[in-house]
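Trainee: Residues per chain, in single letters:
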Amino acid sequence: MSPAAFPALTLVSGPEEVLADRAIATLIDQARASGADVVRLEATAYEPGALRIHASPSLFGGETCIIVRGLHEASDELQADLLSLLAAPASEVHLVVAHASGNRGKKVLDAMRKQDAVVIECPAIKSDRDKSDFVHKEFTRARRTITSEGVRALVEAVGQDVRELAAACAQLVADTEGTITDAVVDTYHGGKVEATGFRVADAVVAGRTGDALRLLRHAIGSGVDPVPIVAVLAMQLRQLIKVGAAGRGSSNQLASSLGMAPWQVDKARRSVGHWSPEGLAVAVQAVAAADAEVKGGGRDPVYAVERAVLTVTRARGIR
Amino acid sequence: MSGGVWRDLVGQGPTIETLSRAVAEPAAMTHAWLFTGPPGSGRSIAARAFAAALECPGGGCGECRECRTALDGSHADVDVVSTEGLSIKVERVRQLVQLAAMRPSVGRYRIIIIEDADRLTAYTDAPANALLKALEEPTPHTIWMLCAPSIEDVIITIRSRSRHVRLRTPPVEAVAELLQRRDGIEAPMALYAARAAQSHIGLARRLARDDGARIRRHDVVSMATRIVGVGDAIGAAADLAQISDEESKASASERDAAERTRLLETLGADPSARTQPPHIRSQLAALEREQKTRSTRHARDMIDRALIDLASIYRDALVLHLHSDVDLVNPDALDKVRALAGVFSAEQLLAAMDAITEARDRINANVTPLLALEAMALQLRIPRDLGV
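Chains as they are written, first to last, in our numbering: chain A, 1 to 319; chain B, 1 to 388.
Quick caveat, the hints were computed from the structure, so don't treat them as lab data. Take these hints with a grain of salt, some might be off.
[Unchecked claim] Here are some, though not all, of the chain B residues that point toward chain A, as calculated from beta-carbon distances under 10 Å:
1. Val230
2. Ala233
3. Gly235
4. Ala238
5. Met353
6. Ala365
7. Leu370
Note that beta-carbon positions come from the ideal geometry of N, C-alpha and C, so glycine has one too.
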């Protein structure tokens, strides 16, 4: 590996741990390939002065790669040591610093950026679209193909945690052959659905009664409390009513005047056409009744939510 | 009879008679009293006046040291217990039981007044149960006085161990007269405030003195004729939640900050430090938890009050409907009352009032206030814009 491919300064920036782990693993491989010693430091367990010890030249020459993880929770001593190392860089030291998010360690970040550190971005993978993109990339990297239904099934089954998603991708790459379809995903992850209150609410608002009930059972089965499910449902209906009453205007304008995010406005706009004002009124009242019941007013919280889901999906048909 | 310590207890003639007799004749006295009456009728005033009369050598002159200290809650043998949180904790009750075992220090009786006895049973009956023994077999010279909105608000075992004194809603004129005499408020304003507060003495005083409170009340009452569509209903609910939220924040934030500074001073911590040492952090966290319960309670109380105001206009419309010979609560908003009476039938008005009551119950049962208010506002929709 030529020195040009392995930079003196690298900044791994972003909250997604899976990506950061990967970037660092690649860098370590590169460092080992070029014959450098690898030293790993954790910011939370840092002892003052350790950085200088590892950065000082060895009697036998050779290069050192120092990896500092968790700059976002670094102590003042570590920050001071990093800054002094950056102020007087040693030619045989390669420094890799990982920073998740936040303002802590900003001085170090600025100093590194000023010295043309190579920045590897690890953006958070949150939305379903991010996750689908991630899965696509995983399979492209492994020179495999996956159908879009396969991606959807995989994200639905293990999408809650990106690390788990990455592991599932690796497993499928290792254990199967040919194109991966939803049938293949089903073989490995069939019947498993990670449901959250949001997905239940989405199904309810879209009027998919069967899906909503199924997701609700999955959610409760995997430990989601009925209370937040009702809260999310109430919020979605509130947004529908607000957007429905607000009339025309760009989604950005509406978003700021209604206190919502633009994507929420767009989403509510797409659904609100299927609802009548009367239906929404019935729905909100059913949800309020369910909220009272899940908070101790009724005997069976799960039944209360189920009944609310049924009432709300039926209310969608009211004209 | 109604002078002396009893002068601030208005419109409660029969009660004053019962209590004075108990002071005068030992045979008519007992060791545990339960004062009930609608909010603002003067339950705690009655209890304090009774305590003063018992401690006073002259049987309630209203002038001596004993009377004055008992009335303002600083008498050494009169302990007034109230809570700003959602419930009175069992630990607090146990302390009171210990206190009840002690002899009075300067007065004739040791008197313990629990102002929010209904909050003894807010989540569990444990605090109320802790009280039972002390209530049943009291030390001589110890008198318990419990105050609650209604007799159903205390558990039956407390009810059976105490003597019940029922206060009635004082007449509007009596409340107005009290406001004029005690707080020096002009007659027309006193009458308006007493009527708008539906004889709630403390509330009437605030309405008479605070412009902001009057404006907020007006906003709430006008809501009834503004809710036409579903969007209006959601908007109105959000407004209602916001009004009470703002009010509770405004009154809390200053006090919270002062309490925090005082705690830091007591602990000898540096108030300007960005992060505090762990043992101080834990104390601060405890204080913040307490402040949060207090603000939850306060916000709920504000919403509850607003809902009572809102219900009053439907009540007035119903009065017009039935042509009954009762005074209106909102004579100043007569056009709105008429409009509501014109557009709703008597049944619909009752349903609207039921919806408001249901929202109050739900908020008490921990339903998210905004959601409960939305469900309520949706049932208050009027068929068309009334233009008032």
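Trainee: Against the earlier hints, flag every one the structure doesn't satisfy and list their numbers going up.
Mentor: Per hint list: single violation, 5.
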